[in-house]
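K.L.:
From first to last, the protein sequence lines are chains A and B. Residue 1 is where the first sequence starts when you use this note's numbering, and the numbers rise one by one after that. Residue 1 is where the second sequence starts when you use this note's numbering, and the numbers rise one by one after that.
Because the hints were derived from the structure by calculation, they are not lab data. Ideal Cβ placement from N, Cα and C applies to all residues, glycine included. Don't take every hint at face value.
[Claimed, not checked] Simulated pairs of lysine to aspartate or glutamate, EDC-like, Cα-Cα distance not exceeding 16 Å:
1. LYS216(A) x ASP75(B)
2. LYS142(B) x ASP224(B)
3. LYS215(A) x ASP48(B)
4. LYS355(A) x GLU202(A)
[Unchecked claim] So the derived label-pair ranges between C-beta atoms look like this:
5. ILE187(B) x TYR77(A): 30 to 36 Å
6. ALA250(B) x THR289(A): 49 to 55 Å
7. PRO90(B) x PHE88(A): 32 to 38 Å
8. GLN160(B) x PHE88(A): 37 to 43 Å
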Amino acid sequence: MENSSFLNFVIDHLSQFLQYTAFANMTVGHIVMILVGLVFIYLAIAKEFEPMLLIPIGFGILVGNIAFYPGLEIGIYESGSVLNYLYFGVLHGIYPPLIFLGIGAMTDFSALISNPKLILVGAAAQLGIFGAYAIALYLGFSPSEAGAIGIIGGADGPTAIFLSSKLAPELMGAIAISAYSYMALVPVIQPPFMRLLTTNKERLIRMKPPRTVSKKEKIIFPIAGLLLTCFLVPSGLPLLGMLFFGNLLKESTLTKRLADTAKGPMIDVVTILIGLTVGASTQATTFLTVKSLGIFVLGATSFAIATIGGVGFVKILNLFLKEGNKINPLIGNAGVSAVPHSARVSQVIGLQYDKTNHLLMHAMGPNVAGVIGSAVAAGVLLSFLY
Amino acid sequence: MLKNKLTVLNLIVLVFLCIGIRNTNAQSTVDLRLNEILVHNDSNYVDDFGKHSAWIEIFNSAHNSVNIGGLYLTDDIENPTKYLIPKGQPTTLIPPRSYIVLWADNEPDRGILHVNFILKESKTICLFESNGRTLLDSVTIKSPQTTDVTYGRLVDGGAQWGYLEKSTPNANNDTKPKISEADKFVIFDPSGIGMTLIAMLVVFTALAFLYLFFKGIGFVMTKDARMASKMKQAASPGLVQEGLSGEVNAAIVMVLYLYGDQIHDQEDPVITMTKVSRTYSPWSSKIYGLRKSPR
């Protein structure tokens with residue numbers, strides 16, 4: 001009698017334990033997401049696609065999709081769980097400005113300062129954001145959701161996370177994954193549009209070498225940049241303020257230690273946290289929806305429109321420029337802020353047509369202008385839609 | 001010349017900064033507003049003692065929490081310190097864009113939210129700063145007041161007062177259904193073209209400012225460099241200055257890079273041990289070099 005009751009006790013507790021395992025709570029969605037996470041990790045390690053981002057995000061997807069019994073304060077969406085505390089920085093837009101601080105500390109704006117008209121290319125490429133916004137509205141997304149989706153076209157992960165955390169927090173996982181994935185896929189998405197929109201003659205345009213930029217100009221840049229952009233769009237302050245602050249730390253040369261921390265250990269820590277938690281936020285139960293699929297389609301579209309906007313703008317600008325001052329339209333794609341991937345695409349495509357025409361240095365101008373432009377665009381969307 | 005221009009630039013930056021600093025004290029007790037009052041309470045909001053008393057609602061219009069502890073509330077402008085709202089109480093902290101209701105029942109023993117006066121028509125209710133002198137906000141109670149109908153700002157923190165359709169203690173005075181900013185925007189711009197045009201205009205304007213500014217700076221910088229070069233040439237007319245070609249520059253940079261790359265603090269991990277052979281000399285002998293310790 002006693003033996004049988006003990007056996008029952010053991011069986012009951014084992015079955016209770018089984019209810020707590022991931023096997024009992026697993027759904028097809030979880031398995032699909034785990035496979036997506038594994039693909040990310042594979043792409044990062046085997047193909048070296050953005051490993052710094054895709055490994056934390058990919059592993060985060062695995063972490064977020066191990067099914068569990070709800071209410072144990074484990075999941076990223078359960079109040080009081082460790083992951084929920086780490087996710088706080090994403091949800092409240094804390095991590096993206098910190099990443100921008102690091103980006104500012106590691107970015108050299110010399111290419112932009114030496115040829116300021118390239119700043120405008122960075123503005124033109126933001127067309128991708130608003131093009132995707134219009135299409136998202138047409139597809140039935142709410143205005144806030146459309147704004148959050150559109151920002152994918154800015155090709156800036158931290159900005160996308162920052163804006164979606166404000167406008168459509170429920171879509172943030174899909175938007176972040178989409179933004180980072182397409183940033184890694186810039187070499188695949190952009191070249192066809194660059195070739196389609198340019199003539200052979202245009203591709204061979206040689207640009208003047210950039211002039212030397214003095215230290216004074218480099219110091220004035222972050223200060224003037226902050227004042228001139230944020231007075232117009234104060235809602236971009238968290239991102240632009242940190243970007244320019246980081247740059248001033250670098251360019252002043254007197255705060256090397258702070259700049260080194262911002263661009264080194266700090267950005268690494270924040271990248272780990274943001275990557276892992278954004279990945280973990282793609283819990284199948286909240287992530288696998290038709291909307292997520294729509295976001296991925298719109299993300300690719302926005303990158304295409306941004307490329308068309310940048311290249312097209314350079315072609316228009318060239319109509320007004322004298323011979324010798326013309327800009328090679330192959331750097332127009334670099335107006336999206338995927339630094340330095342899109343600039344590298346300009347260089348690679350440029351070399352395919354002229355082995356001695358190095359466009360990298362010129363493309364870095366619109367590329368860093370794109371960082372500023374996408375942050376301004378995020379500020380505009382925030383002020384209209386928040 | 002350049003120095004003067006930079007001084008002007010610095011001044012511009014300072015002016016910008018001063019304009020920015022002007023409003024830094026915005027989020028404090030100055031953001032508190034008397035927001036809604038009920039003079040005759042018959043069947044309206046009930047206090048913590050189950051009584052229907054007159055009440056005063058204060059609204060924190062700031063985007064940060066503000067503590068009203070230490071401030072004074074009065075119905076007599078000649079006696080600004082009539083009721084001191086006690087300090088150090090968690091209940092007196094008003095969250096951002098939120099409210100607190102105080103009971104005007106002349107029963108201060110019932111708790112810190114019960115003031116020592118009652119509301120009467122035509123009286124002026126004032127909220128004073130903790131120094132008892134600075135008036136933060138005031139309202140004169142219009143006569144007549146209807147039972148259970150509140151008198152308040154038509155919009156929270158707004159300038160216009162009136163009789164409210166619904167009494168809203170601890171809630172927004174404006175009870176009309178609202179649509180979000182985003183929905184409002186999309187009513188006029190369902191296709192997104194308007195947003196595209198406006199937003200692109202803003203982005204272009206922001207970056208055009210930067211473009212113009214740095215075009216100007218670049219012009220100043222290159223002009224000075226050109227002038228310096230001209231002056232140098234004028235001083236020594238026979239000297240022909242030749243710029244270095246790109247290839248030479250690249251070679252110099254490469255050499256510097258390689259040189260810099262070799263200056264590192266992490267040495268080769270392979271250690272090779274070789275015997276150092278030295279010719280014997282009494283001057284280098286360890287024995288002769290050692291001192292004997294004194295006895």
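K.L.:
Hint numbers the structure violates, sorted upward?
P.N.:
The structure conflicts with hints 1, 2, 3 and 7, although it agrees with all the remaining ones.
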